[in-house]
Amino acid sequence: MSSAPETAEKRLAAAASLAMIGAVLVPLIENWREKPKDSFPLSYYPMFSAKRPKRVKLTYLVGFDAAGTRYTLPYAYAGSGGLNQVRRQIVRAVADGRADVLCAHVAAQVAHVQPVTPTEVITVQVVSGSYRLKEFLAGKKEPVSEEVHATATCPARSKTPLPMSTLEVA
Amino acid sequence: MPSASLVAKLAAVWFTPAPAARLGLLRILIGGWAFYYLARRRKMMRQVAATDPHLFAPVGVAKVHPAPLPARLVNMLVHATLVANVAFILGWRHRVTGPLYSGLFLWLLSYRNSWSMIFHNDNVMVLHILTLGLTRSADAWSLDALGKRPPTSWQYGWPIRLMNTMTVLTYFVSGVAKVKGPLGWTWATGESLRSQVAVDALRKELLGSAGAPLAPRLYHAVGLFRLLAIGSLALELGAPLALAHRWLARGWAANAFLLHWGIYAVMKITFRYQMAGIMYLSFFEVERVGAWVLTWIARRWEEGRR
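Respectively, the protein sequence lines represent chains R and Z.
For the first sequence, this note's numbering assigns the number 1081 to the initial residue and increments by one for each residue that follows.
For the second sequence, this note's numbering assigns the number 162 to the initial residue and increments by one for each residue that follows.
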């Protein structure tokens, strides 16, 4: 037989357990909503559930040297927090009409820390390209179509480190 | 309403006694992992906190302040969390430092996930830390418990059972999202997984990150993706069944662990808490390892003195 304080403690433990289990399960409702919303740490885990088209559009950064040779620029020139976070931030900057601000920021970053490329990058662009997945993975790396959102020339190289606030998407 | 006997049976299972050492070691191992995880991200957290305020999209408890906090304050909170984390690992004044640390950790990771992207690999770690911070996880293997040897009790069993239940339920929720998504049960054909792998490889290449070398090689292996998709769905939707027996649970945990390493091999997506195996420790009798380590240290100590 449990004592009265033990019974009360067990009831509290049971209530806390049910609350936590319920909280983990509640996001399931999002699957039935027209516009599901994700959260943290209680999520409905939508990753890997999306339907992917055969042709996908992506927004990214490219750089050019004086001869016009094109290079892919790492996402880290646009911001911090990992590839997927910065990828979304780039898309959002373009959608908000702030591609030129982002591009100028990336150009300043490139001027400050040159990417590891055979020649010096002097111009950067924020672009969206469409790719056929099957062809891309077969080695055809060129986009089916591409749209340039903004172009910026890299300023003269600065030797002093950029302040923290300017290291992010402006 | 469930019958009284069913409630009694469920209560008997839920409150099965466990040694205090198991919960205590889980506190140290999971708290130690969380410390390593956060300490390595101090610089990144500082940079994220200085991101353009336009990009702030608060989630979870970070919603209590609709605007970003000053970067200096976030930096201070990161360090306060690390200090509280040390107290949590040591089990020092756990009744205060446990809830304080778990609350700070919840807020900090919610804030980190409030900049346009939610990192789902952190979710279970936060839920585990909350459970350990709010329960009697420092009754053994702690400064609070020096000189004490608490008996095996139901008070140490249910937090572990809760951690295991939340772990399997997150997989179940993830499985439901797949079959309730736009593809429905056709997700099991593997086509979606294959496309996801391809999109991921494309993103990594165009955004200047190292891609998964296996992705282009495996892309044409449609049968392999079908097998992986069926396996993933079975592991996710069947996850709650793992709670029926401890050996079933351990088998499930081993398969989930391998699933994450498989995802890493094919997509180079890192689920750190899962891949390190820390997430599944609560399914095992970790106190046996703790006792073995103590015996080994004692033996070495004795040998050194001779």
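Quick caveat, the hints were computed from the structure, so don't treat them as lab data.
The model shown is predicted, which means the values in this text are computed figures rather than measured ones.
Among the clues, some could well be false.
[Stated by the list, open to error] List time: in silico DSSO-like cross-link candidates among lysine-lysine, alpha-carbon distance up to 30 Å:
#: 1; chain 1: R; residue 1: Lys1115; chain 2: Z; residue 2: Lys170
#: 2; chain 1: R; residue 1: Lys1090; chain 2: Z; residue 2: Lys309
#: 3; chain 1: R; residue 1: Lys1117; chain 2: Z; residue 2: Lys170
#: 4; chain 1: Z; residue 1: Lys365; chain 2: R; residue 2: Lys1117
#: 5; chain 1: Z; residue 1: Lys224; chain 2: R; residue 2: Lys1214
#: 6; chain 1: Z; residue 1: Lys309; chain 2: R; residue 2: Lys1214
#: 7; chain 1: R; residue 1: Lys1220; chain 2: R; residue 2: Lys1090
#: 8; chain 1: R; residue 1: Lys1131; chain 2: Z; residue 2: Lys170
#: 9; chain 1: Z; residue 1: Lys204; chain 2: R; residue 2: Lys1115
#: 10; chain 1: Z; residue 1: Lys341; chain 2: Z; residue 2: Lys429
#: 11; chain 1: R; residue 1: Lys1090; chain 2: Z; residue 2: Lys429
#: 12; chain 1: Z; residue 1: Lys224; chain 2: R; residue 2: Lys1134
#: 13; chain 1: Z; residue 1: Lys341; chain 2: Z; residue 2: Lys204
#: 14; chain 1: Z; residue 1: Lys429; chain 2: R; residue 2: Lys1221
#: 15; chain 1: Z; residue 1: Lys341; chain 2: R; residue 2: Lys1134
#: 16; chain 1: R; residue 1: Lys1214; chain 2: R; residue 2: Lys1134
#: 17; chain 1: Z; residue 1: Lys204; chain 2: R; residue 2: Lys1214
#: 18; chain 1: Z; residue 1: Lys341; chain 2: R; residue 2: Lys1137
#: 19; chain 1: R; residue 1: Lys1131; chain 2: R; residue 2: Lys1220
#: 20; chain 1: R; residue 1: Lys1117; chain 2: Z; residue 2: Lys429
#: 21; chain 1: Z; residue 1: Lys429; chain 2: R; residue 2: Lys1220
#: 22; chain 1: R; residue 1: Lys1221; chain 2: Z; residue 2: Lys365
#: 23; chain 1: R; residue 1: Lys1117; chain 2: Z; residue 2: Lys341
#: 24; chain 1: Z; residue 1: Lys204; chain 2: R; residue 2: Lys1134
#: 25; chain 1: Z; residue 1: Lys309; chain 2: R; residue 2: Lys1115
#: 26; chain 1: R; residue 1: Lys1131; chain 2: R; residue 2: Lys1115
#: 27; chain 1: Z; residue 1: Lys309; chain 2: R; residue 2: Lys1137
#: 28; chain 1: Z; residue 1: Lys365; chain 2: R; residue 2: Lys1220
#: 29; chain 1: R; residue 1: Lys1137; chain 2: R; residue 2: Lys1214
#: 30; chain 1: Z; residue 1: Lys204; chain 2: R; residue 2: Lys1131
#: 31; chain 1: Z; residue 1: Lys224; chain 2: Z; residue 2: Lys341
#: 32; chain 1: R; residue 1: Lys1137; chain 2: R; residue 2: Lys1117
#: 33; chain 1: R; residue 1: Lys1137; chain 2: Z; residue 2: Lys170
#: 34; chain 1: R; residue 1: Lys1131; chain 2: Z; residue 2: Lys365
[Said to hold, decoys possible] According to the in silico footprint, chain Z covers these stretches of chain R (three or more CB under 8 Å from chain Z):
#: 35; segment: 1156-1170
#: 36; segment: 1197-1206
#: 37; segment: 1227-1236
Even for Gly, the Cβ is constructed at its ideal location relative to N, Cα and C.
The hints, checked one at a time:
Under the criterion of a C-alpha separation no larger than 30 Å, the hint pairing lysine 1115 of chain R with lysine 170 of chain Z is inconsistent with the structure, at around 40 Å. Annotation: proposed proximity of lysine 1090 of chain R to lysine 309 of chain Z holds, straight-line Cα distance about 23 Å (limit 30 Å). About 37 Å separates the Cα atoms of lysine 1117 of chain R and lysine 170 of chain Z, which puts this hinted pair outside 30 Å; it is violated. Distance restraint check for lysine 365 of chain Z and lysine 1117 of chain R: the Cα-Cα separation of roughly 26 Å lies within the 30 Å cut-off, and the hinted pair is therefore satisfied.
Restraint check: the Cα-Cα separation between lysine 224 of chain Z and lysine 1214 of chain R comes to about 41 Å, which exceeds 30 Å; the hinted pair is violated. At most 30 Å may separate the alpha-carbon atoms for a hinted pair to count; lysine 309 of chain Z and lysine 1214 of chain R exceed this at roughly 64 Å. In summary, the hint linking lysine 1220 of chain R to lysine 1090 of chain R is not supported, as the alpha carbons are separated by about 63 Å, beyond the 30 Å threshold. Annotation: proposed proximity of lysine 1131 of chain R to lysine 170 of chain Z is violated, straight-line Cα distance about 43 Å (limit 30 Å).
Straight-line distance between C-alpha atoms of lysine 204 of chain Z and lysine 1115 of chain R comes to about 35 Å, which puts the hinted pair past the 30 Å bound. At roughly 26 Å between alpha-carbon atoms, lysine 341 of chain Z and lysine 429 of chain Z fall within 30 Å of each other, so this suggested pair holds. Straight-line distance between C-alpha atoms of lysine 1090 of chain R and lysine 429 of chain Z comes to about 44 Å, which puts the hinted pair past the 30 Å bound. With a C-alpha separation of about 37 Å, the suggested pairing of lysine 224 of chain Z with lysine 1134 of chain R is violated against the 30 Å cut-off.
About 39 Å separates the Cα atoms of lysine 341 of chain Z and lysine 204 of chain Z, which puts this hinted pair outside 30 Å; it is violated. Restraint check: the Cα-Cα separation between lysine 429 of chain Z and lysine 1221 of chain R comes to about 20 Å, which is no more than 30 Å; the hinted pair holds. A distance of roughly 21 Å separates the Cα atoms of lysine 341 of chain Z and lysine 1134 of chain R; the hinted pair therefore holds under the 30 Å criterion. Note on lysine 1214 of chain R and lysine 1134 of chain R: the hinted pairing holds, with a Cα-Cα distance of about 7 Å set against a maximum of 30 Å.
For the given pair, lysine 204 of chain Z sits about 38 Å from lysine 1214 of chain R by alpha-carbon distance, which is inconsistent with the 30 Å threshold. At roughly 25 Å between alpha-carbon atoms, lysine 341 of chain Z and lysine 1137 of chain R fall within 30 Å of each other, so this suggested pair holds. Proximity of lysine 1131 of chain R to lysine 1220 of chain R is assessed by CA-CA distance (about 23 Å); at most 30 Å being required, the pair is judged to hold. Our distance criterion of 30 Å between C-alpha atoms is met by lysine 1117 of chain R and lysine 429 of chain Z, whose separation comes to about 26 Å.
A hinted pair counts as satisfied when its Cα atoms are at most 30 Å apart, and lysine 429 of chain Z with lysine 1220 of chain R qualifies at roughly 21 Å. As the CA atoms of lysine 1221 of chain R and lysine 365 of chain Z are separated by approximately 13 Å, the hinted pair is consistent with the 30 Å bound. Only pairs whose Cα atoms come within 30 Å are accepted, and lysine 1117 of chain R paired with lysine 341 of chain Z is accepted, the gap being roughly 15 Å. For the hint linking lysine 204 of chain Z to lysine 1134 of chain R, the alpha-carbon distance of about 38 Å lies beyond 30 Å, and the restraint is violated.
With a CA separation close to 53 Å, the supplied pair lysine 309 of chain Z and lysine 1115 of chain R exceeds the 30 Å bound. Between the alpha carbons of lysine 1131 of chain R and lysine 1115 of chain R the distance comes to roughly 16 Å, so the proposed pair stays at or under 30 Å and holds. Restraint check for lysine 309 of chain Z and lysine 1137 of chain R: the C-alpha separation of about 62 Å exceeds 30 Å, so the hint is violated. This hinted pair checks out: lysine 365 of chain Z and lysine 1220 of chain R have alpha carbons roughly 16 Å apart, not beyond 30 Å.
Between lysine 1137 of chain R and lysine 1214 of chain R, the direct Cα distance comes to roughly 14 Å. Compliance with the 30 Å bound is thereby established for this hinted pair. Restraint check for lysine 204 of chain Z and lysine 1131 of chain R: not satisfied, since their Cα atoms lie roughly 36 Å apart, outside the 30 Å limit. The hinted pair formed by lysine 224 of chain Z and lysine 341 of chain Z meets the criterion: a straight-line CA distance of about 28 Å does not exceed 30 Å. For the proposed pair lysine 1137 of chain R and lysine 1117 of chain R, the alpha carbon gap of about 23 Å is at most 30 Å, so the pair holds.
For a cut-off of 30 Å, the pair hint linking lysine 1137 of chain R to lysine 170 of chain Z is broken: about 54 Å separates their Cα positions. Between the alpha carbons of lysine 1131 of chain R and lysine 365 of chain Z the distance comes to roughly 19 Å, so the proposed pair stays at or under 30 Å and holds. Look at the segment 1156-1170 of chain R against chain Z: 12 of its residues bring a Cβ nearer than 8 Å to a Cβ of that chain, three or more, so the hint holds. As drawn, the segment 1197-1206 of chain R meets chain Z at 0 residues by the rule of a beta-carbon pair under 8 Å; below three, the given contact is violated.
For the segment 1227-1236 of chain R, the assignment as covered by chain Z is violated, since 0 residues bring a beta-carbon within under 8 Å of that chain's beta-carbons and 3 are needed.
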